[in-house]
Amino acid sequence: DAGVIQSPRHEVTEMGQEVTLRCKPISGHDYLFWYRQTMMRGLELLIYFNNNVPIDDSGMPEDRFSAKMPNASFSTLKIQPSEPRDSAVYFCASRAETDNSPLHFGNGTRLTVT
Amino acid sequence: GNSVTQMEGPVTLSEEAFLTINCTYTATGYPSLFWYVQYPGEGLQLLLKATKADDKGSNKGFEATYRKETTSFHLEKGSVQVSDSAVYFCALSATTSGTYKYIFGTGTRLKVLA
Numbered sequence: 001d002a003g004v005i006q007s008p009r010h011e012v013t014e015m016g017q018e019v020t021l022r023c024k025p026i027s028g029h030d031y032l033f034w035y036r037q038t039m040m041r042g043l044e045l046l047i048y049f050n051n052n053v054p055i056d057d058s059g060m061p062e063d064r065f066s067a068k069m070p071n072a073s074f075s076t077l078k079i080q081p082s083e084p085r086d087s088a089v090y091f092c093a094s095r096a097e098t099d100n101s102p103l104h105f106g107n108g109t110r111l112t113v114t
Numbered sequence: 115g116n117s118v119t120q121m122e123g124p125v126t127l128s129e130e131a132f133l134t135i136n137c138t139y140t141a142t143g144y145p146s147l148f149w150y151v152q153y154p155g156e157g158l159q160l161l162l163k164a165t166k167a168d169d170k171g172s173n174k175g176f177e178a179t180y181r182k183e184t185t186s187f188h189l190e191k192g193s194v195q196v197s198d199s200a201v202y203f204c205a206l207s208a209t210t211s212g213t214y215k216y217i218f219g220t221g222t223r224l225k226v227l228a
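Here the protein sequences line up with chains A and B, keeping their order.
FYI, my numbering numbers position 99 of the first sequence as 99, with every residue one higher than the one before it.
So my numbering is basically just the index in the second sequence, starting at one, shifted up by 114.
Please keep in mind that the hints were generated in silico from the structure rather than gathered at the bench.
Predicted model only: the values in this text are computed from it and were never measured.
Among the hints, a few may not be true.
[Stated by the list, open to error] Derived pair list, reagent style DSSO-like, types lysine-lysine, alpha-carbon separation capped at 27 Å:
id, chain 1, residue 1, chain 2, residue 2
1, B, K215, B, K182
2, A, K24, B, K191
3, B, K225, B, K166
4, B, K215, A, K78
5, B, K215, A, K68
6, A, K68, A, K24
7, B, K166, B, K215
8, B, K191, B, K174
9, B, K191, B, K225
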């Protein structure tokens with residue numbers, strides 16, 4: 001299995017621009033998570049999906065952030081408009097439905113907003 | 115609520131030294147416990163896990179025992195190598211009011227010197 005695939009690996013954009021991050025989970029995994037990692041705040045859960053349905057989006061910082069999962073093999077995290085404080089590494093992770101299954105992380109997208 | 119507390123880093127050791135990274139948790143019910151490792155430029159990877167009290171998880175020379183009486187899951191390795199230099203995250207998973215939660219500690223950076 002190829003693991004969780006994220007794209008792009010790096011994104012540099014100017015403040016005010018729209019940014020879209022993409023994720024392909026491991027085939028057969030029913031849960032998908034979006035995390036943000038910064039030096040100051042560590043690893044923060046933004047949102048997670050179960051069977052393509054958003055279950056908990058309480059970690060989404062504000063309305064500028066939105067996430068979708070149109071099918072079992074694809075999810076996007078969109079920031080519009082982007083701001084410099086959004087600069088971070090964004091991780092996607094997936095897990096199987098089985099109890100106690102671990103999370104499998106992608107290699108992340110490093111976002112820099114100038 | 116659920117939370118994970120792990121020791122502040124960085125931890126700097128010489129090669130072949132003994133490693134302990136402390137982790138304690140608070141949780142309702144019976145969580146599963148995990149250690150993840152993150153190498154530079156990569157996502158988190160599962161290192162080991164334990165799903166019930168007194169279970170010992172082990173992998174690549176690392177061990178951790180699920181201690182319900184002390185609510186702890188300390189990570190140990192008898193002889194560290196330079197290649198073990200990374201950030202280590204303690205985590206728990208639990209279901210609360212029908213919502214699945216995966217809680218991470220803040221991470222402990224380990225540096226091993228040759």
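Hints versus structure:
1. B:K215 with B:K182: holds, 19 Å
2. A:K24 with B:K191: Status violated; Cα separation ~34 Å.
3. B:K225 with B:K166: Answer violated: B:K225 to B:K166 is near 30 Å, above 27 Å.
4. B:K215 with A:K78: holds, 23 Å
5. B:K215 with A:K68: Between B:K215 and A:K68 the Cα gap is close to 20 Å, so the pair holds against 27 Å.
6. A:K68 with A:K24: Answer holds: A:K68 to A:K24 is near 12 Å, not above 27 Å.
7. B:K166 with B:K215: At roughly 17 Å apart (the allowed maximum being 27 Å), B:K215 and B:K166 satisfy the hint.
8. B:K191 with B:K174: Judged against 27 Å, a Cα distance of about 9 Å means the pair holds.
9. B:K191 with B:K225: holds, 14 Å
In the structure shown, a violation is registered for the earlier hints numbered 2, 3, in ascending order.
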